[in-house]
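Dock chain W against the given chain L, drawing on the hints supplied.
If you want the building blocks of each chain, they are given just below.
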Amino acid sequence: DIQMTQSPSSLSASVGDRVTITCRASQIISRYLNWYQQRQGEAPKLLIYGVSGLQIGVPSRFSGSGSGTDFTLTINNLQPEDFATYYCQQGSTTPRTFGQGTKVEI
Amino acid sequence: QLHLQESGSGLVRPSETLSLTCAVSGGSINTRGYSWSWIRQPPGKDLEWIGYISPDGVTSYNPSLGSRVTISLDRSKNHFSLTLKSVTAADTAFYYCARELGGYNWFDPWGQGTLVTVSS
Numbered sequence: 001d002i003q004m005t006q007s008p009s010s011l012s013a014s015v016g017d018r019v020t021i022t023c024r025a026s027q028i029i030s031r032y033l034n035w036y037q038q039r040q041g042e043a044p045k046l047l048i049y050g051v052s053g054l055q056i057g058v059p060s061r062f063s064g065s066g067s068g069t070d071f072t073l074t075i076n077n078l079q080p081e082d083f084a085t086y087y088c089q090q091g092s093t094t095p096r097t098f099g100q101g102t103k104v105e106i
Numbered sequence: 001q002l003h004l005q006e007s008g009s010g011l012v013r014p015s016e017t018l019s020l021t022c023a024v025s026g027g028s029i030n031t032r033g034y035s036w037s038w039i040r041q042p043p044g045k046d047l048e049w050i051g052y053i054s055p056d057g058v059t060s061y062n063p064s065l066g067s068r069v070t071i072s073l074d075r076s077k078n079h080f081s082l083t084l085k086s087v088t089a090a091d092t093a094f095y096y097c098a099r100e101l102g103g104y105n106w107f108d109p110w111g112q113g114t115l116v117t118v119s120s
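From first to last, the protein sequence lines are chains L and W. With the first letter of the first sequence counted as 1, position 55 gets the number 55 in the working numbering; the numbers rise by one all the way through. With the first letter of the second sequence counted as 1, position 75 gets the number 75 in the working numbering; the numbers rise by one all the way through.
It should be emphasised that the hints constitute simulated quantities derived from the structure, not laboratory data. Errors might be hidden in some of the hints.
Unchecked claim - Which stretches of chain W does chain L cover? Using the computed rule of at least three CB atoms under 8 Å from a CB of chain L, they are:
hint	region
1	62–72
2	104–115
Stated by the list, open to error - Below, in silico cross-link-like pairs of lysine to aspartate or glutamate (EDC-like), each with a Cα-Cα straight-line distance of 16 Å or less:
hint	chain 1	residue 1	chain 2	residue 2
3	L	103	L	17
4	L	103	L	42
5	W	45	W	91
6	L	103	L	82
7	W	45	L	42
8	L	45	L	82
9	L	103	L	81
10	L	45	W	46
11	L	103	W	46
12	L	45	W	108
13	L	45	L	81
14	W	85	W	16
What the hints assert, rightly or not - Cβ-Cβ distance ranges computed for the label pairs, FRET-style:
hint	chain 1	residue 1	chain 2	residue 2	range
15	L	24	W	63	17 to 25 Å
16	L	56	W	30	22 to 30 Å
17	L	103	W	11	27 to 35 Å
18	W	89	L	63	37 to 45 Å
19	W	70	L	14	43 to 51 Å
20	W	63	L	9	25 to 33 Å
21	W	17	L	11	35 to 43 Å
22	W	5	L	3	31 to 39 Å
23	L	17	W	89	36 to 44 Å
24	W	43	L	13	23 to 31 Å
25	L	59	W	46	20 to 28 Å
We treat Cβ as the ideally placed atom computed from N, Cα and C, and that holds for glycine.
The following block holds chain W by itself, in its conformation from the complex:
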């Protein structure tokens, strides 16, 4: 059974870079037909798709984040990562990683999520 687990810093200072990793177990990130996504949710608010990366490294990002976001793969470690530059308080959120399945492009499974707080 596929399992995803987020890790990274829970506290980031304003203007600095947020970095998170999603470890994938029970399956390979190289499997075709899937993409690997990041989604966030400010406490008490709505879900926002950040972007995804495909097994061959093709990325798609939410334009709302501009050029601040990068998603990358590490095939040797079977994980993928998120970096978000120049963070502000508005980037405080629960960050989830998830697998996106081709077809109707749904997300399953999700990681448990990790809270990242932007504060000095």
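Okay, chain L solo, but in the shape it has when bound:
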């Protein structure tokens, strides 16, 4: 299985901050990297697909980058509704695997 490792596991930030979350795959996954946001008590929601593709309806303050094994999710101008847990997921092979999550707290 491909292991997905996120860092940090949690972070504290303030409204208006820029936040960066990293995700590392245990082997090359090309651009098969997707990001999700999960607010407390809700299902995960797709933010970014294929490393940098912004899902329809997702604010442009979210962006993704990277290739190969190392990827980054950046949130610019953090808003109150962005306090949530973020997961990366690889779609290169089965079983599909997720990172352990990064909780963004106030």
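Showing chain W alone in chain L's frame:
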């Protein structure tokens, strides 16, 4: 707009079988280019992919679940189902159904999720 909704028993006894259904509305499960997936999340823990089924019935399962898992389609009802045999407390989780899109294989949309508790 595609909508997915899970349903099924919220309480299952140890060693018995967990059964859930995902009703799909706003689109057809027969559409090519998509697969239909189950993902679970123990309370407070990480997401685990269970498996998927394609419109032509091809399945792929997480080896961690061994032969306990089966995903099936019901084209007449436009839904797909999950069965998990011989459950233990470790199978207690929120269970989500989701559509997997071909290309980079991402999940969207997701159902709201349903909590299944394994307990006697």
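How the hints compare with the structure:
no.	hint	verdict
1	62–72	holds (count 3)
2	104–115	holds (count 10)
3	103(L) - 17(L)	15 Å, holds
4	103(L) - 42(L)	14 Å, holds
5	45(W) - 91(W)	12 Å, holds
6	103(L) - 82(L)	10 Å, holds
7	45(W) - 42(L)	14 Å, holds
8	45(L) - 82(L)	12 Å, holds
9	103(L) - 81(L)	13 Å, holds
10	45(L) - 46(W)	15 Å, holds
11	103(L) - 46(W)	12 Å, holds
12	45(L) - 108(W)	7 Å, holds
13	45(L) - 81(L)	13 Å, holds
14	85(W) - 16(W)	6 Å, holds
15	24(L) - 63(W): 17 to 25 Å	22 Å, holds
16	56(L) - 30(W): 22 to 30 Å	23 Å, holds
17	103(L) - 11(W): 27 to 35 Å	29 Å, holds
18	89(W) - 63(L): 37 to 45 Å	40 Å, holds
19	70(W) - 14(L): 43 to 51 Å	48 Å, holds
20	63(W) - 9(L): 25 to 33 Å	26 Å, holds
21	17(W) - 11(L): 35 to 43 Å	41 Å, holds
22	5(W) - 3(L): 31 to 39 Å	32 Å, holds
23	17(L) - 89(W): 36 to 44 Å	40 Å, holds
24	43(W) - 13(L): 23 to 31 Å	25 Å, holds
25	59(L) - 46(W): 20 to 28 Å	26 Å, holds
The earlier numbered hints are all upheld by this structure, with none contradicted.
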